[in-house]
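From first to last, the protein sequence lines stand for chains A and B. Numbering follows this note's numbering, in which position 24 of the first sequence is assigned residue number 24; successive positions increment by one, without gaps. For this note's numbering, add 111 to where a residue sits in the second sequence, where the first one is 1.
Hints are supplied without guarantee of correctness; some may be wrong.
Unchecked claim - Pairs of lysine to aspartate or glutamate, DMTMM-like flavour, derived with a Cα cap of 20 Å: (1) 69(A) / 55(A); (2) 70(A) / 7(A); (3) 26(A) / 170(B); (4) 56(A) / 83(A); (5) 56(A) / 211(B); (6) 56(A) / 15(A).
It is worth saying that the hints were derived from the structure and are not from the lab.
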Amino acid sequence: SQQGEEDPQALSIQEGENATMNCSYKTSINNLQWYRQNSGRGLVHLILIRSNEREKHSGRLRVTLDTSKKSSSLLITASRAADTASYFCAPQTGSARQLTFGSGTQLTVLP
Amino acid sequence: SQTIHQWPATLVQPVGSPLSLECTVEGTSNPNLYWYRQAAGRGLQLLFYSVGIGQISSEVPQNLSASRPQDRQFILSSKKLLLSDSGFYLCAWSFGQGNEQYFGPGTRLTVT
């Protein structure tokens, strides 16, 4: 399937450090989206990067996309305890632009 | 601005009982609508999507069905719940295709 696969599965860092999460997928995409999910809650949209873009920024977030390697990365700079959550990448394909999700990266930021 | 509502927030239902989960979107018209399910500790699985009233596409064979009786209303149903239907159900909407999808708060369903 075309689901995104996040790596690592779990990441634990100290507050103030940077966190990098990677995503790989299998076939051509229209765009790729990153989401955050706090425990037991709904998903919060972070960034959408289109297939013709290579890098995108939003506040402390930086997303890269390498379509030749079918991979993306999410960098959170100067992390905070409130960044603790699960992070998912979701390649978007199909006629209705369906999203497919992997199992996510569980990020823990220690105060 | 647009908002998306889901109810109920939590639901405990016995095996064999019917199900109806509702999702509504405010502040937009003719959105694409989606139903996802998330099993514990896993990613989301797309169940159904709709690009217009009465237009439903199913992604996986299952015990569930979806309907879109109004432009901004999306309903997930089952006639007889199975234990395996337990999970976290999320509704999402987007402006047309190829754009951001925004998720509702979800419904946690436990089938006992």
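Tested hints:
no., hint, verdict
1, 69(A) / 55(A), "holds, 14 Å"
2, 70(A) / 7(A), "holds, 14 Å"
3, 26(A) / 170(B), "holds, 19 Å"
4, 56(A) / 83(A), "holds, 19 Å"
5, 56(A) / 211(B), "holds, 14 Å"
6, 56(A) / 15(A), "violated, 23 Å"
Going down the numbered hints, you'll see the structure goes against just number 6.
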